[in-house]
Amino acid sequence: MPDTPRDAFATGAARAAGERRRRRTTPLVGAPPVPVVPGPLIGAAAPSAAQEPPTPGMPSGTGPASGTGPASGTGPASGSGPASATGADPTAEGAANAHTGRRRVPSRHRPVPRPTPVPTTETAVDVRPATRPAVRRLRAVPSPAQGSTTAENVSTTPSAGDELTARVAQARRDGATRALEGASAADHSGGAQQARGADWAGTAYRPQVVRDGEGPAISESLLAAALTQQELTPDIEDVIAAVIGVLRTLAAASGLGPDEVEAQVARTLAFLRRRLTGDYQVDEFGFDQDYTENFYLPVLRPLYKQWFRVEVRGVENIPAVGAGLIVANHSGTIALDAHMVQVAVHDAEARGRFLRLLGADLVFQTPLIGPLARKQGATLAANADAERLLSSGQLVGVFPEGFKGVGKPFSERYKLQRFGRGGFVSAAIRTGTPIIPCSIVGAEETYPLIGNAKMLARLFGAPYFPITPTWPWLGLLGLVPLPSKWIIEFGEPIPTAHYGSAGADDPMLVFDITDQVRETIQQTLYSLLMLRRSVFS
Amino acid sequence: MADVVLITGVSRHLGGRFAQALSADASIERIIGVDVVPPPHSIGRAEFVRADIRNPMIGRIIGQAKVDTVVHMNVLATPTSAGGRVSQKEINVIGTMQLLAACQKATSVRRLIVKSTAAVYGSSPRDPAMFTEETGPKTMPTSGFGKDSVEVEAYVRGFSRRRPDAEITMLRFANVMGPRIKTALTDYFSLPVLPVPLGFDARLQFVHEQDVTAALLLAVSGPPVQIVNIAGDGVLTVSQAAAMVGRPTVGVPFAISMLGAIIRRAGLADFSSDQLSFLSYGRGLDTTRMRTVMKFEPRWDTRAAFRDFAEHAPPIVPGADTAIDLLGQGAGGMMRLAGAGVGLASRLREVVR
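Protein chains in written order, with the numbering used here: chain E, 1 to 537; chain Y, 1 to 353.
Since the hints were made in silico from the structure, they are not lab data.
Quantities reported herein were computed from a predicted structural model and do not represent experimental measurements.
Hints are supplied without guarantee of correctness; some may be wrong.
Simulated restraints, written as ranges between beta carbons of each label pair [to be verified]: (1) Y:R126 with E:P258: 34 to 40 Å; (2) E:I450 with Y:G84: 42 to 48 Å; (3) E:L362 with Y:S23: 35 to 41 Å.
Each computed DSSO-like pair below joins lysine-lysine, with the alpha-carbon atoms no more than 30 Å apart [stated by the list, open to error]: (4) Y:K138 with E:K454; (5) Y:K89 with E:K404; (6) Y:K295 with Y:K138; (7) E:K454 with E:K415; (8) E:K305 with E:K485; (9) Y:K138 with Y:K66.
The C-beta atom is built at its ideal place from N, Cα and C for all residues, glycine as well.
Please put together the full structure from these sequences, using the hints given.
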């Protein structure tokens, strides 16, 4: 009896996988499983059918399946054991293939008749309950609906091979989706107890169907998928089971409690399903909240918490509701600071607000990086987009230094570069949004930029090509950032609403506020550096 | 209020639909549909006149029938439907010139409605996320439909300058989606495997074909609104759309123009370089003017319009896997090969015996 739900599920999945593996060893492909029939019948039918034209062969292969399947309680799948399948399979296969009308090619290898003796009813019945009682029972009592599906499948097999393939593919898809759904649903709500209590082997399975509507989703999908899924299709449940196993290991390794592990696994499965079906929303800027919440931020958090040990100050200055323009210094060769600020803002006092960054057009024309940036909520640093975001009440983040900031040499660390043309200030004034200066300490030391290969940069069309103590000398290892200690401080908001939207057209005012923001950040940087005991602690 | 409406491009899908819908409006006295080929579908009570808008004869039709509202829907999006790019360009540009010249001459014409496209905005990484009607394109469309449409719009502007008394409504539609319409994009999403520019995931916006008809009806009956974007709410990314339609995507690296050339040459779909940059960077339309000025509310948002298409999309060829199967795709392919091999072997065995 399994102790934890995880074990219960794993044993269930393993058992199903074992059954599939066993069935896969049988030579039959493409045709539905043939049930156990009395030995002499098969023995007589198989060879004759193989020699006869396909049409007479059909009934012998398929007749027993539809007849005995649901009625006698011998599940169609149970017949696919090695003993009976060897005799019957070529029949059905031959019938199905012959019907597709492909050219018959004489083979050089005359098949050697199988030495396996024609199975008798006794052996077939005797052996199977002993070896695999659970699975046999699982399939032995299909619901009426499933029974009819099977019968239908069997009857259509010889007549429409293509149709079957399509149906199998469909069923497999459905099965996979439902398996994910079921797994996540079961894991979510009381799935722990239920799975623990559920005896996946044998009779306890059926009462469970009645007791709860959630658990059976897994087993039903496994059952349905196993029934319709032929050996020529991949075992998608196996793959999913493997994925679940990996997820559990990962979640457990990250130090979560057992309940949290299950919840996290369930969330991840639900997330995967949404990804595969396209069932998520993307806003007009391309921001994918589902991805950001369930993949992007969780992936960054270990870096944020354990690696950089980010200390956040002044969270109260981030507006809890409404628009705000966060202006920060930019540094660190590759823009890790942008990601860390996103985590900081999202996790600040558990408000879960998303920071919508403004990026250079170079970001959006770069393959892979461009769409990822959009998914995380970034959009083009242009007044149109900034004002659209601010007027819809979003928190917008901007790094006015741009590439000048990230690509500056290590010797100039924590010296703010020119703040662009102050476009962010005019956007803030036009929308009456407060500006929140943000100072980031620690990013400069992640990749100390000691050189810039200008030739290579020009070759790649990049603004700079960084050379750090580790990159490119150590190859990919050089991409590991140094574990500097980070401090992010959000300063007092600078209100802009009182200037009115006409103020945006006053260049003097815009320059003044730009300088004010820049000075605030620079002074805060100096004081934070004094605060930090050393670069790495 | 319109009395006599002339529709160009009535033998094409949207033109026919619009003629049908307009037939229900009893206040319109007469509807004339013009095209070079007879309509393959019902055009309601519209009278079909076989005429080429590239021919000055269109002027005589307008004059004789005393047409007061012209709905220009004959800007072709795909070269295949026109019989080649040269002919497409001629129909689009020269045809519009002739039509507008005729309209300028005919004093009866009071209103011009042009079905334009969002392709005039182009698509580049330097564009804002959403285009308003005032936004100029950062990169002008350089080829095909987009370039033609830019020129068509220029001629329409010229017409409005020379005929200030005429009312102009120019609707810039997002990509039209629906179960029946056939465009370059519906062809694309009907491919068994979708080649996508590697490392890009464009934002797409759609308008349902029924909403196109509804918007044009409103343009005929409502007040003139100048230029208005028409699009369903929300956006879908290419990968999302591919998942919804159940097609796996294959990232094709770098050689974006080469990809288009291959697809075009293989005759799989019509793709110009503009459409490829569209598939890379996407485009969004700001529909504030559609709501506030035109007071048009689309019935289908982008997702619903695409779902309506996806549900009617032709089935995938059996060999291609769906996006859901991506998890087990590699294994699936191997197993299927093995399965085919075993099937062949057993058939051979049977044949020999």
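Here's how the hints hold up against the structure:
no.	hint	verdict
1	Y:R126 with E:P258: 34 to 40 Å	violated, 50 Å
2	E:I450 with Y:G84: 42 to 48 Å	violated, 59 Å
3	E:L362 with Y:S23: 35 to 41 Å	violated, 53 Å
4	Y:K138 with E:K454	holds, 28 Å
5	Y:K89 with E:K404	violated, 46 Å
6	Y:K295 with Y:K138	holds, 29 Å
7	E:K454 with E:K415	holds, 22 Å
8	E:K305 with E:K485	holds, 10 Å
9	Y:K138 with Y:K66	violated, 41 Å
Taken one by one, the earlier hints fail for this structure at numbers 1, 2, 3, 5, 9, listed in ascending order.
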